[in-house]
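Residues per chain are reported as follows:
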Amino acid sequence: MAAEQNNAVNKQKLTLNITTPRGLKFVEQADMIIMRCTDGDLGVLPGHAPVSAVLGDGILRIFNDGSVKKLAVFGGIVEINNTTVNLFSTIAQRPEEIDRERAEADFRRAEETLIEQLEEQDIRRLRVLMHRALVRLEVSSHAEEAGYGSDSG
Amino acid sequence: MSSLRDIKRRIANVGTTQQMVKAMYMIASTKLHKARAQLEGVRPIYRELSRVVRELARQGKARKHVFYRGREVRSSLYIVLTSDRGFSGSYSAGIMTRALEHMEEKNEKILVVGSKGHQFFKKRGKNIIGTIINLPDAQVYYGSESIAHWAIDLYLAGEVDEVFIVYTRFETLLSYVPCVDRLLPVDISGVEVDDHEHIKYEPDVNTFIDNVIPLYMHMSLFRAFSESHTSEEAARMVSMDTAEKNADDMIRKLTRMYNRRRQAAITQEINEIVGSATMLNVED
Chain A
1 MAAEQNNAVN KQKLTLNITT PRGLKFVEQA DMIIMRCTDG DLGVLPGHAP VSAVLGDGIL
61 RIFNDGSVKK LAVFGGIVEI NNTTVNLFST IAQRPEEIDR ERAEADFRRA EETLIEQLEE
121 QDIRRLRVLM HRALVRLEVS SHAEEAGYGS DSG
Chain B
154 MSSLRDIKRR IANVGTTQQM VKAMYMIAST KLHKARAQLE GVRPIYRELS RVVRELARQG
214 KARKHVFYRG REVRSSLYIV LTSDRGFSGS YSAGIMTRAL EHMEEKNEKI LVVGSKGHQF
274 FKKRGKNIIG TIINLPDAQV YYGSESIAHW AIDLYLAGEV DEVFIVYTRF ETLLSYVPCV
334 DRLLPVDISG VEVDDHEHIK YEPDVNTFID NVIPLYMHMS LFRAFSESHT SEEAARMVSM
394 DTAEKNADDM IRKLTRMYNR RRQAAITQEI NEIVGSATML NVED
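Residue numbers (the numbering used here), protein chains in the order written: chain A, 1 to 153; chain B, 154 to 437.
In case anyone wonders, no lab produced these hints; they're calculated from the structure.
Computed from a predicted model, the values in this text were never measured in an experiment.
One or more of the hints may lead you astray.
[Said to hold, decoys possible] Derived lysine-lysine pairs resembling DSS-like cross-links, with alpha carbons at most 27 Å apart:
no., chain 1, residue 1, chain 2, residue 2
1, B, K161, A, K25
2, A, K25, B, K353
3, B, K187, A, K25
4, B, K217, B, K187
5, B, K276, B, K262
6, A, K13, B, K353
[Stated by the list, open to error] Facing chain A, a subset of chain B residues (Cβ under 7 Å, in silico):
no., residue
7, I198
8, F240
9, E355
10, V358
[To be verified] For each label pair, taking beta carbons as the anchor points, the in silico distance ranges come out as:
no., chain 1, residue 1, chain 2, residue 2, range
11, A, L114, B, M173, 49 to 55 Å
12, B, G283, A, R109, 41 to 47 Å
13, B, T284, A, I91, 27 to 33 Å
14, B, M173, A, N82, 41 to 47 Å
15, B, Q292, A, A105, 37 to 43 Å
The beta carbon of each residue, even a glycine, is placed where N, CA and C say it ideally should be.
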């Protein structure tokens, strides 16, 4: 993987623009981006064919010069064209923006409530809440353990 | 003729009003500042999403999707954003007149936001199917999401065949334009079909549309709310500013009148004294 990334350094880079309802939130350069779509992960290298995709709830990994950044992205769409990646989502959080305590509380609450018998719709809502809490926790734990993403690339 | 005391009382009255107006001006300008920041934030994502949604229409397949393919219009949903409070000049009147014009010859179903609009449409016997009053600023974001879903459900259930949003676009502090936009079916006028377009949609075009339209609707509504809210606060700020100037003018006018009266009274008194003194001297 190291060789692959060294190659990419010499080549073009991807420009990632993330737009949220609070404006253009991130502009980042990257060698590779891996994002969670509705039906699995999608990896993007520079020179990608034009694709627009629907995003699911998950972790967005940005590989640049051998380091990995992680963001929590929930839903939205992505537009990929050659070296530009435009991502539109209602929520995109950096590790430092995540309230770990709240995410943990959300997770526990969802878990507790799921044990009880509930309506179909509530279960689905709680699953989403639980999943989002997990994503947040994982993204924010990355702030402490550097190099976590090396096995997932 | 009002007495000196009356005039004095009026000056004090106008002064109090002026202070209130000044306070309202300050409130409006703080709110305007916040509203503008929110508006600047949402505009880019709205612009980009509406571009994506329009570009989708180049695909022949997308045009067959229920959100793009129009159907015979039997009833139209109007989401009209008005205000709950007055003191904002012609802001409310402008948006309601625009909405009313647009509704001519339509079988309308109205979701009205704001008590001003509710009164207006009720008086004119329009078909109001929902009213939202006193929506707190903090709930606008999630509120617009649930309205978006509600509108999509109505559209998919066939209860409405068109969805319009009526809002006031904020341009500058002094100019706001009442607008009517069609949200559903998506406006594809001016977009050519081009099946050679190489964009691929993942997982497929229909799923993509199913996911992008709710997001687009949410952002459109949130943006419209922000536009309207910003316009309202700007209108209020400007009219409060005018009111303050008017109060200033009035105080000046009243003060002048008061001084003139006082002077007249003094002159008259002196005249009387001098007159009687002369009379007394003559008698001596």
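May I ask you to test the interface hint for E355(B) with respect to chain A, counting a Cβ-Cβ separation under 7 Å as satisfied?
-> Since the shortest Cβ distance to chain A is 4 Å, the answer is holds.
Take the C-beta atom of Q292(B) and the C-beta atom of A105(A), compute their distance, and say whether it sits inside 37 to 43 Å.
-> Violated, since Q292(B) and A105(A) (Cβ atoms, about 22 Å apart) do not stay within the stated range.
Outcome of range test on Cβ distance (M173(B), N82(A); 41 to 47 Å) = This hint is violated: roughly 59 Å between Cβ atoms.
Outcome for the supplied range 49 to 55 Å, where the beta carbon pair is L114(A) and M173(B) = holds, 54 Å
Range hint 27 to 33 Å (beta carbons of T284(B) and I91(A)) holds or violated | With Cβ atoms ~30 Å apart, the hint holds.
Given the hinted pair K13(A) and K353(B), is their alpha-carbon gap at most 27 Å?
-> holds, 21 Å
Evaluation of the interface hint that places V358(B) against chain A, nearest CB under 7 Å = violated, 9 Å
Pair hint K161(B) and K25(A), alpha-carbon separation not exceeding 27 Å = violated, 58 Å
Do the numbers back the hint for I198(B), that is, is its least Cβ distance to chain A under 7 Å?
-> holds, 5 Å
Could you tell me whether the CB distance from G283(B) to R109(A) stays inside 41 to 47 Å?
-> violated, 32 Å
Does the structure keep K187(B) and K25(A) at a Cα separation of 27 Å or less?
-> holds, 18 Å
Is K217(B) within 27 Å of K187(B), Cα to Cα?
-> violated, 41 Å
When the structure is compared with the earlier hints, violations turn up for hints 1, 4, 8, 10, 12, 14, 15 and for no others.
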